[in-house]
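K.L.:
Sequence:
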Amino acid sequence: IGPPPPRDSYLCADCILEAARTRGCDAIHPGYGFLAENADFADAVTAAGLTFIGPSGAAMRVMGSKTSARAAMQAAGVPVVPGYQASQDDADLVAAATELGYPVLVKATAGGGGKGMRVVADPGDLPAALASARREAANAFGDDRIYLEKRILHPHHIEFQVFGDAHGNAVHLFERECSVQRRHQKIVEESPSPLLDDALRRRMGEAAVAAVKAVGYTNAGTLEFLVEGLSGAIDGMLSFYFLEMNTRLQVEHPVTEAVTGIDLVKLQIRVAAGEPIPFTQADIRQRGHAIECRIYAEDPANGFLPAIGSVLAAVEPVGPGVRVDAGVTSGDTVTLHYDPMIAKLIVLGEGRADAIGKMLWALRHYVILGDVVTNIPFLRDVLAHPRFAAGDTTTDFVD
1 IGPPPPRDSY LCADCILEAA RTRGCDAIHP GYGFLAENAD FADAVTAAGL TFIGPSGAAM
61 RVMGSKTSAR AAMQAAGVPV VPGYQASQDD ADLVAAATEL GYPVLVKATA GGGGKGMRVV
121 ADPGDLPAAL ASARREAANA FGDDRIYLEK RILHPHHIEF QVFGDAHGNA VHLFERECSV
181 QRRHQKIVEE SPSPLLDDAL RRRMGEAAVA AVKAVGYTNA GTLEFLVEGL SGAIDGMLSF
241 YFLEMNTRLQ VEHPVTEAVT GIDLVKLQIR VAAGEPIPFT QADIRQRGHA IECRIYAEDP
301 ANGFLPAIGS VLAAVEPVGP GVRVDAGVTS GDTVTLHYDP MIAKLIVLGE GRADAIGKML
361 WALRHYVILG DVVTNIPFLR DVLAHPRFAA GDTTTDFVD
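Counting with the numbering used here, you get residues 1 to 399 for the letters of the sequence shown.
In short, the hints are calculated from the structure, not lab data. Please note that the accuracy of each hint is not assured.
Said to hold, decoys possible - Restricting the straight-line Cα-Cα distance to at most 25 angstroms, the calculated cross-link-like pairs of lysine-lysine (DSS-like) are:
#1 K266 x K213
#2 K266 x K344
#3 K266 x K115
#4 K150 x K115
What the hints assert, rightly or not - If you anchor each label on the Cβ, the simulated ranges turn out as follows:
#5 E316 x Q88: 43 to 49 angstroms
#6 R23 x A140: 28 to 34 angstroms
#7 G168 x I269: 17 to 23 angstroms
#8 P79 x G216: 20 to 26 angstroms
#9 D122 x A210: 22 to 28 angstroms
#10 L50 x P4: 39 to 45 angstroms
#11 V367 x Y102: 42 to 48 angstroms
#12 D371 x P276: 25 to 31 angstroms
#13 Y32 x L336: 44 to 50 angstroms
Where a beta carbon is used, it is the ideal one built from N, C-alpha and C, also for glycine.
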């Protein structure tokens, strides 16, 4: 495709299309990074006579923009976090923040992965936060637009895997709990969520499917929600709010594959080829409990700064119910050109306690030797923490 810098390879749409043409490809799967949520790239693939294995560019434009997605969800009756998106004028944003009530979140309209996001607890800090969020958003996404959201205190981050097809069918494949995060980025995911009961799971699943149908969405996507913790329950009912939609396959899709037994990438290809989803909502079942840990080349003791270096040897854990999706092997070098995630470790247990024990075993037996630092010791500490064992890991658990 091109040299290591992403702008000359995986972010170069023309380079990817040329590689597909010269190799006689019929379709392009965009993965879950780089151009995966770029509507113009999806349209370019289609215009080149190839199949884009993902949603249409039009659906991406609606759901990929945080502000238009919020509007679409409100129209579909899906609850959203209170916010403000009507103006980019600082004076209007300051007034809106006062009306929403502090703390507020400044977020990038085209954002993701925590980029362009600022938490503001004091009104005096808002002008500087607006300026810095705009700069970061412009650098990361080429779009400096921002909006405000009321910050929900101590929430759980729970997402629903969804699928739509060109025949009007839509299903969800249950939830993933993704509350263990650092710098607003997930590091541990699991399914089922220890927070949800059957009634709330059903309500959220119905909202997720309604969202898919409202925008005519096809292929794989994920609806992310914030769920108030038990302290925020009203009359015993937990409230949930739409956060955003990821118009692509998620990093953590193996968690869903483990508990449903459904190959999501295979399903993506079949749906992109025009086939209907080959099952109904009633056919989908959760079985067991799955946990994924993201292995990063980073230094938790130094603010989770990305690390570079050589991998002299990488020895993966092997056992029943253990899966490793790795991006590095023995002899590789980790550079700053790409995201510091170097592997995903997934386990499936009979229940949550069994899955936690299996993950702790797998983390102890995942050996990466060399001068590159990883977060494996930190992940062991997270899994062994009493709050994780109790399922009491809100999004501020790490930070």
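K.L.:
None of the hints should be skipped; say for each whether it holds.
P.N.:
Status of each hint after checking the structure:
no. : hint                            : verdict
1   : K266 x K213                     : holds, 22 angstroms
2   : K266 x K344                     : holds, 19 angstroms
3   : K266 x K115                     : violated, 31 angstroms
4   : K150 x K115                     : holds, 18 angstroms
5   : E316 x Q88: 43 to 49 angstroms  : holds, 48 angstroms
6   : R23 x A140: 28 to 34 angstroms  : holds, 31 angstroms
7   : G168 x I269: 17 to 23 angstroms : holds, 20 angstroms
8   : P79 x G216: 20 to 26 angstroms  : holds, 21 angstroms
9   : D122 x A210: 22 to 28 angstroms : violated, 38 angstroms
10  : L50 x P4: 39 to 45 angstroms    : violated, 25 angstroms
11  : V367 x Y102: 42 to 48 angstroms : holds, 46 angstroms
12  : D371 x P276: 25 to 31 angstroms : violated, 51 angstroms
13  : Y32 x L336: 44 to 50 angstroms  : violated, 20 angstroms
The structure does not agree with the numbered hints 3, 9, 10, 12, 13 stated previously, though it agrees with the rest.
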